[in-house]
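A.B. asks: In case you want the letters, here they are:
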Amino acid sequence: MIEAIRECLGQEMEADNRVVVIGEDVGVLGGVFRATDGLQARFGKERVVDMPLAEGVIVGSGIGLAMSGLRPVIELQFLGFGHQAFHQIGQQVARLRYRSQGRHALPLVIRSPFGGGVRTPELHSDAFEAFYTHTPGLKVVAPATAYDAKGLLAAAIESDDPVLYLEPLKGYRLTKDEVPDERYTVPLGKLRVARAGADVTLIAWSAAVNVAERAAEELSEQGISVEVLDLRSLNPLDIDGIAESVAKTGRVAILHEAPLTGGFGGELVATIQQECFYSLEAPIIRISAPDTPYPLGGVEDLYIPDVDRVAAEVAALAKASA
Amino acid sequence: MSESRFLPNFEAIAPFSRLTDSGILDSGESPMSDEAVLEALRYMMLTRVFDDKATSMQRQGRFGTFSSVRGQEASVVGAASTLDPAKDWIVPQYREFPALIRHGYPIENFALYFMGNPKGGTIPPNVNMLPMQISLAAQIPQATGLAWGLKMQGSDGVVITFFGDGASSEGDFHESLNLAGIMKAPVIFFLQNNGWAISTPRENQTAARSFAERAIGYGVEGVMVDGNDLLAVHEVTAQAVAKARAGGGPTLIESVTYRTGAHNTADDPTRYVDQQELEKWQQKDPVERIKNYLRSRGIWNENLEQELLDSCAAQIDAAMEIARNTPLATSDALFDHVYAEPPQRMLDQKRDWAIRNGDAQ
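Sequence order for the protein chains is A and B. In this text, residue positions in the first sequence follow numbering that gives the first Met the number 0: the first is 0, and each later residue adds one. In this text, residue positions in the second sequence follow numbering that gives the first Met the number 0: the first is 0, and each later residue adds one.
For reference, chain A alone in the conformation it holds in the complex (with noise of 0.2 Å):
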């Protein structure tokens, strides 16, 4: 997944001159995963620019940017470090356009890797995504595939709309998979059936896919068919998109690396119920990590949730009744 990433951001560059990397560490190393390896030897120190370690002037400085004229494509070394840029994306990326009255479009994408899995230092691993999808103006795409990767990436670049873009820390050199050397795009806002099955509807995305596919395979030898949905893209939802596997399997489960309480989970369980409550056949249920703080790397594992858990829960989800 990484080496699509990278490909995307020297495709974008070559088409694009206004398109610029910022961040910490992201010129002469590469980036500490490597995304952006290369690219300041091909476009130089005036485009991909290592910035000095404050995360609030990167996002706040990539605003201006944007205004004049560039399309910045900021990489946050950690989404767990985003919160000393909070107020700027929260408050100042997402709102440019609407407080301007459209004067001023903001052209610019947030790379950042979030998640658990590789063992980290701590604070480096949250899956923070849920701040973000609460916050008007801000689309937040995590791609699972290496595939989605590249064509996310390049339309979130393409877009007139500030875009966080997560990309999942454990799935940075695990995941592989077929990627066309072309430019092409992924839309933002359309999800992607990553399995089809017929009795559960298990919804993730990031590197929260994975986990459920190997749940589902393992469902599939109990005689159990479940559908995986790998979202794409948090905001837009593609709320069609789920309603049509949910008319068909009746029973619903969310799987997300975040703590239970106030994650994107339970804002799907509202919109499930809103628009397919007489498709449902039993209660939705949510799969998620605990409302505690993101442990040291030696316990993730008992955080995190894993293809057992999934199986297990997903399956007398399977058997139960409304």
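Be aware that a few hints might be false.
Claimed, not checked - If you want the ones that stay clear, here's a sample from chain B, every Cβ over 10 Å from chain A, calculated:
1) F5
2) S29
3) I106
4) G165
5) P200
6) S209
7) G246
8) G260
9) D273
What the hints assert, rightly or not - Here are the computed lysine-lysine pairs in the DSSO-like style, where the Cα-Cα straight-line distance is at most 30 Å:
10) A/K189 <-> B/K349
11) A/K44 <-> B/K86
12) A/K44 <-> B/K183
13) B/K183 <-> B/K86
14) B/K242 <-> A/K44
15) B/K242 <-> B/K183
16) A/K247 <-> A/K318
By construction, these hints were calculated from the structure, which means they are not laboratory data. Here the structure is a predicted model, which means the values were calculated and not measured. Glycine included, C-beta positions come from ideal geometry on N, C-alpha and C.
Use these hints to put chain B onto chain A, whose structure you have.
C.D. replies: Coordinates of chain B only, in the frame set by chain A:
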């Protein structure tokens, strides 16, 4: 040893000034022509007329909470008078009415904004400014990025950003000066030290003897200027603008002034302002000071003053009339311009709101 140890200096320093308190120019040549001073004074008077009008409308419930410029007119106008609206940008806070008007932002939009109508936020095409900033200091990184971006694209435009002594305690201020120094961004950080952050005095913002010298820590030039002296503010800012335009990078200007009015129309400064200090500053009133200067030049008299006041009042009345006659926003005002491509869910909400509100479709 002494060269590797840096100690704060607490000796008092006087800000740069050109006029005495009573408006007499020092021995040098004026940095502004008489015509330029007259034009600047008109903006200062226009501001006072607007502030009085808006305050009285606010008391009658016809205007929202807003912050007057009172006491800081020379500071704002002196800085703005150095800009070329065709290529320079203003990244404001919210206490810079005359700078925005001079740059092309319509008075009626300014009024509508403070009347609570989102349409007031409309920045006309080719007016080079960002929206007013309420979340203090958040505009400073944006100004820095804007200036850096202009430079990157070969423009010789510069950016000026306004903020106060209070906002300079925010991390955004420090992060921005640091970045601007590194990037040599053509930005002027215009810090209006008006003595107060609502009720918190300047002494509670920093132990340093000046705000200007904080720039040194970021490899940036700082300068302290008498903010009630139009000529001095203009001169110092013009130098900073010229330097930025020529590729010399940023400057931090501390304009030492005093908020002789309230923080805003909801504030009661009698709870915290020392009356004697206030009177001391009222005697250095920037409008009276520059009038005295023009008197000393033999080009100010009561007739001219009345003529200018009448024309300012007419201009403000006309703008307020437009603002008052602008229809109240419909529910579309909640939804328009949030996204370039809105999510369907928000469009559904827009439709529902319009129906509930009875807006014409």
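A.B. asks: Which of the listed hints are broken here?
C.D. replies: Hint check: nothing fails, all pass.
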